[in-house]
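Let the sequences and hints guide you as you build the complete structure.
Protein chains: 4
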Amino acid sequence: MTLKIGVIGTGMIGRDHTRRIQQVLAGAEVVALSDVNAASAEAVRKDLAPNAKLYDTGEALIAAPEVQAVLVTSWGATHEPYVLAAIAAGKPVFCEKPLATTAEGARRIVDAEVKFGRRLVQVGFMRRYDAGYVALKHAVENHTGAPILVHAAHRNPAVPEAYLTPMAIHDTMIHEIDVFRWLLNDDYVSARVLYPRNAARSHTKLRDPQVVVLETQKGVLINVEIFVNCAYGYDIQCEVVGEEGTAKLPEPMTVDMRLGAKRQSTILTDWKDRFVASYDVELNHFIAAASKGGATGPSAWDGFAAAVTSDACVLAQESNGQAVAIELPARPSLYN
Amino acid sequence: MTLKIGVIGTGMIGRDHTRRIQQVLAGAEVVALSDVNAASAEAVRKDLAPNAKLYDTGEALIAAPEVQAVLVTSWGATHEPYVLAAIAAGKPVFCEKPLATTAEGARRIVDAEVKFGRRLVQVGFMRRYDAGYVALKHAVENHTGAPILVHAAHRNPAVPEAYLTPMAIHDTMIHEIDVFRWLLNDDYVSARVLYPRNAARSHTKLRDPQVVVLETQKGVLINVEIFVNCAYGYDIQCEVVGEEGTAKLPEPMTVDMRLGAKRQSTILTDWKDRFVASYDVELNHFIAAASKGGATGPSAWDGFAAAVTSDACVLAQESNGQAVAIELPARPSLYN
Amino acid sequence: MTLKIGVIGTGMIGRDHTRRIQQVLAGAEVVALSDVNAASAEAVRKDLAPNAKLYDTGEALIAAPEVQAVLVTSWGATHEPYVLAAIAAGKPVFCEKPLATTAEGARRIVDAEVKFGRRLVQVGFMRRYDAGYVALKHAVENHTGAPILVHAAHRNPAVPEAYLTPMAIHDTMIHEIDVFRWLLNDDYVSARVLYPRNAARSHTKLRDPQVVVLETQKGVLINVEIFVNCAYGYDIQCEVVGEEGTAKLPEPMTVDMRLGAKRQSTILTDWKDRFVASYDVELNHFIAAASKGGATGPSAWDGFAAAVTSDACVLAQESNGQAVAIELPARPSLYN
Amino acid sequence: MTLKIGVIGTGMIGRDHTRRIQQVLAGAEVVALSDVNAASAEAVRKDLAPNAKLYDTGEALIAAPEVQAVLVTSWGATHEPYVLAAIAAGKPVFCEKPLATTAEGARRIVDAEVKFGRRLVQVGFMRRYDAGYVALKHAVENHTGAPILVHAAHRNPAVPEAYLTPMAIHDTMIHEIDVFRWLLNDDYVSARVLYPRNAARSHTKLRDPQVVVLETQKGVLINVEIFVNCAYGYDIQCEVVGEEGTAKLPEPMTVDMRLGAKRQSTILTDWKDRFVASYDVELNHFIAAASKGGATGPSAWDGFAAAVTSDACVLAQESNGQAVAIELPARPSLYN
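Chains A, B, C and D, in that order, are what the protein sequence lines are.
Taking our numbering, I'd label the letters of the first sequence as residues 1 to 336.
Taking our numbering, I'd label the letters of the second sequence as residues 337 to 672.
Taking our numbering, I'd label the letters of the third sequence as residues 673 to 1008.
Taking our numbering, I'd label the letters of the fourth sequence as residues 1009 to 1344.
Everything labelled a hint here was simulated from the structure, so no lab data went into it.
Just so you know, these numbers come straight off a predicted model, no measurement behind them.
Where hints are given, some of them may not hold.
Derived pair list, reagent style DMTMM-like, types lysine to aspartate or glutamate, alpha-carbon separation capped at 20 Å [to be verified]: (1) B:427 x B:395; (2) C:718 x C:701; (3) D:1061 x D:1074; (4) C:809 x D:1264; (5) C:934 x A:141; (6) B:473 x B:580; (7) C:934 x D:1247; (8) A:137 x A:186; (9) C:934 x B:609; (10) D:1226 x D:1335; (11) A:272 x A:96; (12) D:1145 x D:1252; (13) D:1270 x B:587; (14) B:598 x A:244; (15) D:1256 x B:587; (16) B:473 x A:256; (17) B:598 x D:1252.
Put into structure tokens, the structure is as follows:
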């Protein structure tokens, strides 16, 4: 039984997910495509899904009878209406981050799904499917004792001029925000941002690096270095300190070489390579759950919590080292 | 376009490949199953491939019109006739190791494929698809300079009583035999076996550990420790020493923990976990090539070369440290 | 020419330094000993320095004509008067930390030495002589580019009940306070302390762990985890993030073992073992400089700066996450 | 009580040991110097030991009443007569490797010392005092179970044209020959040499690299790669495989850096830096034992065993892969 998927948005990530479904993963096929740029949709159809039908609008695609599940990989501002439409149609929907561009928008999706009565939404927080984070979570739950501290870093070699201070939260730290809630099985209560001097490679509209300090309900203190002009590579670090010991996120697999008086191994420079395998796994999970009419993994509630936390972090960026409170409403039972 | 595959032999590996095709990989489905134990085939059909047809014999399955490609995962002694039948039928065939139980048998397959005129056979040497070996080969071809030495180890925690000295070659070292030919792009000219004292956990009919020394046409000296009662884990090591430096096979990804006065990480104990991801990749490659009517990757010639080398190694095991020559006939142009 | 040293205070560290001078290092001998507990001094004399003369008071020892240089390894509260007396006598003096129990006391020593007109005091901040920190400083000055962030941890397996929150600064973090000023060639401008929940092994009068955040004049942001009930071992971590890349303090040398499905190496549990080699080096430097009538290495000014910083950190411990300013007077030219 | 030492041979190593005794280590002083090149001895006297007396011959130095112990750091061919003379004089003697240039010469020293009736000779096999090898020996004796295999490598970046094939044994592998006897508490019974193709950087009179295979009385099989044109650095590797697991010689301490898309750390290139700390330790041991009129550590018997083994290895270099037997006479009880 093959799941029939419609893809809304055929830019880089929409094309890549289509390739994944058509050429890599079992159990699904792309039967419908839509993009504001019709030529883009046509190109993806031609290259990857010759049997797919093109739709003028995402709404039409969602409504199409042959479409059993929806991928929303369009421009961020359009995520909310498409996801709401999919819920209204009772169709499982995978939505790339952000679930919505505001916490209120994410909340509307949560409310709609709760009203519908069963999970339909999976948000594209792929790190939860990364083998390294999964192994780290296993270590934390079985070996380190209850977590007390997390030391993390998210480093990018460089960013374009258009990358401004708040994007360090919305575009970069958003992944840590979600994955640490999942890793620690916890929620945030406050955020604080501390700055060293600006890096020489940064510019006047970007404070870089910055250290975001999160506090959780269970009392864990998390510090995350965000450094998007670190020059040397794309590097994700995470160490959990628990009652009995520590555990570190594995490094990507590398060949240890000895050359020219140096022991050396390669560091990735492109973020797309760092978690590439986890995209396959997240979509495989989506296909499995959607084939049964539902959804698992990162939920609309997780997307909402991430949005609320991001807003607090951005406020904290302008709060001169003061802690900003993070308050979530009661969690609907659908998400327990 | 979905490749229709028939699977001959539904034991552990046949079942696992069926699961892979049905639930993990895109582009293929299992449409036919056969096993000398009909109940086994029926169980796999029921659990994993409900639409597959059962055949009484492998020959009947190969002949079935709906079968476009064949997986041979039956008992080793039956590999040769099934592969020959698939070649005769002009159908792409993936054959688990060994390609044949004798070098002569492997040679008959090579001859049949050469006569057919185009590659149809892929042998199940999955290490060539392991991300670690692929990265090592890249390092050797781009960084270390021309190889001169290889130091390797293949360690198993334990083996059953039925495991005898020659199985250290046929069942264990066979993987190194193939993967080093590919890694070095070279052929062997001699084999030598040296023994330390027997490990206490071994038994009288098994010399364990042993060190196999291979020499290549290009003059590379390879020493491989085979130790199948090493107690501590399943561990595969490989270091290449070249003109400019060295490169090591990556360790499996692990979480570095600090607990109880020890820095520690987990070592695998089950060989099935070590190269698990490479099975997906090798079958993905088979599906891609077979969908175009052919085969790529480890060839019948590679299977033949491995068989000839194994025979020499087993002879060397009884040769008191003397080198045994390895001679291959001229390589048919089909395999260049 | 052998330097004649008098040792005031023959407890654990005084005895150990005496052993070092008598049995390990060239160029010096212990000719005088003094301790409030005369039996202790006599025992050290008998065991390690049979030719040494015993003095009733530190003052008498300092005044003794045969004493060319002084080691102050007595109880902390007595350091200031002994160091002042040594300066008054014009004799080089090595003083274990703290230089004085208050910043004012350390200031008095600075003033006395400045008035004397040349350096006589070396403070026992041995980490500056540790081969690991020396290598890290070399990397920071030659490879990483200008420092921007430092992530550090100082972990102890356990502490006695008498260890209270301020001791995390005075007894533990004091080493980081000094070594980072030296490592970064910088001074602090503020301190902040953040707390996660208390570790289960801690007690009500000890907040543990804690994260101390220091900011420097050059704009480096330093976060130091102090965790004195970490259970698993004595562990010192330090990573410097600069404009071009990062550098990490080396781990202590260990044997990598593979045993029982674990890759493992030993973590130290006793702080005395961690920097044991650096004690030899610091005293060797003291002997070399004192033989020429002066002192090098960690100065009275460094001891004063450490005292001022410690006071600010202890204040910050009670300041609810607010930054506490650190202000040093102008540095006397003697210390440039 | 200061041990009065005479140094015969004031070349690089003699000068360095003199510096060590005069400026680094407690408990000894150099009171006499001698060298065939009188200007060299005078220069060392002036720079490092102004109170030392110069002697025209080593024999005169040994006979001098003020000399309590002797260091032999002269040209290899002169070691035997000087050591014999020291034994005849009943004075402890530290002799750099080789103890003698022939096994017969080493045997004469053994016989003389046995006749004297108590140990006077320490041979300069400094690796036994290296903290890494000491830690490895501890791991082998406490954790890995009884040894079965040793995999080792001794790599040099480059050698001069005058370095010929046998020097790979006499000058390079000699250290492994001694240290493995000590590490395993075992003796050799055979040696075998295997060659890959020659490295491009080698020359016609030097087979490089080579793999020396040693077998011990207890049945351990040791393979040592000797590669003196490895280009990338000076690198010493050793892994012991035992009944329960493996243990590796620690790498030298390094700073882990991340720069320019590479994780990297420095590899030494000068052999003198690799075991530099162990020279201090070995001389400290010599001073301690000689102060009591005797000697400990690597003995004349160890020097003899190394000479016998070296001779067998050199013979094996020309034996086309055949094993050459290594036979030692009965060990005199003095050396048990």
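How the hints compare with the structure:
1. B:427 x B:395: Holds - the C-alpha atoms of residue 395 of chain B and residue 427 of chain B are around 12 Å apart, at most 20 Å.
2. C:718 x C:701: Since the Cα atoms of residue 718 of chain C and residue 701 of chain C sit roughly 14 Å apart, the hinted pair holds (cutoff 20 Å).
3. D:1061 x D:1074: 10 Å, holds
4. C:809 x D:1264: 12 Å, holds
5. C:934 x A:141: 18 Å, holds
6. B:473 x B:580: 15 Å, holds
7. C:934 x D:1247: 16 Å, holds
8. A:137 x A:186: 13 Å, holds
9. C:934 x B:609: 15 Å, holds
10. D:1226 x D:1335: 14 Å, holds
11. A:272 x A:96: 15 Å, holds
12. D:1145 x D:1252: Since the Cα atoms of residue 1145 of chain D and residue 1252 of chain D sit roughly 15 Å apart, the hinted pair holds (cutoff 20 Å).
13. D:1270 x B:587: 18 Å, holds
14. B:598 x A:244: 12 Å, holds
15. D:1256 x B:587: 15 Å, holds
16. B:473 x A:256: Holds, at roughly 12 Å.
17. B:598 x D:1252: 18 Å, holds
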